[in-house]
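Top line first, the protein sequences correspond to chains S and F. So in the numbering used here, spot 54 of the first sequence is number 54, and the numbers just go up one at a time. So in the numbering used here, spot 10 of the second sequence is number 10, and the numbers just go up one at a time.
Just so you know, the hints here were simulated from the structure itself, not pulled from any lab data. All C-beta atoms, glycine included, are put in the ideal place defined by N, C-alpha and C. Please note: incorrect hints may appear among the correct ones.
Claimed, not checked - If you want the footprint, here are the derived chain F segments under chain S, 3+ residues with CB under 8 Å: (1) 13 to 20; (2) 25 to 32; (3) 52 to 60; (4) 73 to 80.
What follows is each chain in one-letter form.
There are 2 protein chains.
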Amino acid sequence: MRYLLIYDITHDGTRSKVADVCLDYGLNRIQYSAFLGELSPAHQRELLLKVHQRLGKHGANIQLFPLDEKAWVGRKSIEREERQNNE
Amino acid sequence: MRYLLIYDITHDGTRSKVADVCLDYGLNRIQYSAFLGELSPAHQRELLLKVHQRLGKHGANIQLFPLDEKAWVGRKSIEREERQNNE
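Start from the sequences, fold in the hints, and give me the full structure.
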C-alpha cells in the first residue's frame, strides 16, 4: 500500500531523526514535512514503532494516511519554481 | 469528499494567503503545513484556482489528496505534547 506521512516536529534533531527513519523505509521526501512511498503492513508497523522511539520526550504530530488507487489517481498538485523579478 | 492539502511555500506572505484560502473553504489546519476537510467538487476546483491566484510569482509545492473512507479509517497518528525535563 502507498502511504503519505506528514509531520510537525519542532525539535530540529528529532525531526531530522524521524526524517531518516522515513528515508530508511524507502519513503520519498515530497515536501519539507511530507514523505510518500510503498510500505508492507509489517514495515508500516515497524516504521511507526521506530518513529515513536526517536521522539524521546519531544512533542510531535505525525499522521500516516494509506492512499489507495482512487486517492492516488485523484490527487492534484501545483508545483512551480520561484520566478525571477524580470520574467 | 474529504481532502488533505499539504504545502511547501517558502514566502511567508504567500503561505499565509494560501492558508487563509484553505480556512475560507472550511478546511481545518491539522499541522503547520497541512489542512483537512470536506469539499464539494465545485469547491475543490475553486479552492485550487484561488490558491493559484494567491501564489503570484512565488514558488510552491501544493498537493491535494482525496481521502475516501478506507484511507480515512486506515489513518494512524502520533500526537504528543513536549514533555518537561523533570517528568
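Verification of the hints:
no. : hint     : result
1   : 13 to 20 : violated (count 0)
2   : 25 to 32 : holds (count 3)
3   : 52 to 60 : holds (count 6)
4   : 73 to 80 : holds (count 7)
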